[in-house]
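**Q** Just so you know, the protein sequences line up as chains A and B, in that order. First residue of the first sequence: 1, per the numbering used here; consecutive thereafter. First residue of the second sequence: 1, per the numbering used here; consecutive thereafter.
Incorrect hints may appear among the rest.
Said to hold, decoys possible - Pairs of lysine-lysine residues, derived as DSBU-like cross-links and limited to a Cα-Cα distance of at most 35 Å, are as follows:
{"id": "1", "chain 1": "A", "residue 1": "K94", "chain 2": "A", "residue 2": "K4"}
{"id": "2", "chain 1": "A", "residue 1": "K4", "chain 2": "A", "residue 2": "K59"}
{"id": "3", "chain 1": "A", "residue 1": "K108", "chain 2": "B", "residue 2": "K48"}
{"id": "4", "chain 1": "B", "residue 1": "K48", "chain 2": "A", "residue 2": "K76"}
Hints listed in this document are in silico derivations from the structure and should not be mistaken for laboratory results. Fair warning: this is a prediction, and the values are worked out from it, not measured in the lab.
The primary structure of each chain is shown beneath.
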Amino acid sequence: MSDKLSIVLFSGTVDKLMAASVIASGAAAMQKEVTIFATFYGLFALRKGDWKQNRRVSKDFEDYGAQFLRVLEEKKAPSWLETLRNAMDIGDVKVKACGLTMDLLSIKLEDLEPIVSEIVGVAHFVEEASGGQILFL
Amino acid sequence: MEGVKIAKESDARGSFCPGPLMEMIRLVRSANVGEVVAVISGDEGSKKDIPAWINKARYELVGTEEVGPGASRFLCRKNH
């Protein structure tokens, strides 16, 4: 069994951000080395404070979006960002930013949530992920 | 689980997956070697999750017991 899990976080919708952070938590608990490579909209969602107003949901289940977000609030489910921070507390989880997205949108590391540790290129990510499991979300 | 001395206990009812497991990990980390800690969870997934983690981390699952409707208490000994 592989001891590495790499997640390509492409989407920036709350549902997929939750899925990514919950899977990262489980993998961290089970002692895997977890790397989240945030790119495109996944990186948008990691801009400082963006999580507070992010109410986007996946297009394919958009009709359930409002209900989904309401249930999260009513049941006081922790935000995806909090879940991710908790995963980092208990295990080996790193969040890295895609250099291409950063360049295209003129985003700097200091514009992102402090959980993002560094900016990397795709080759670095592929190299680091090699031999492990990769998820694209 | 009579006769087992619980050093720390946390009621994680109302917390969602993976919250109760995270709570168990935190409690075990903060405990001294030899101590038993307990977490109460209302999350059905915990019944598989918490024992799987205890096994992976090579701690001891002292026991699992039902506590009220839809809730279980998990006892873990930090044996190393």
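**Q** All the hints need checking, so say for each whether the structure fits it.
**A** Verification of the hints:
1. A:K94 to A:K4: holds (12 Å)
2. A:K4 to A:K59: holds (30 Å)
3. A:K108 to B:K48: Not OK: K108 of chain A and K48 of chain B at ~41 Å, beyond 35 Å, violated.
4. B:K48 to A:K76: holds (23 Å)
In this structure, only the earlier hint numbered 3 is contradicted, and the remaining ones agree with it.
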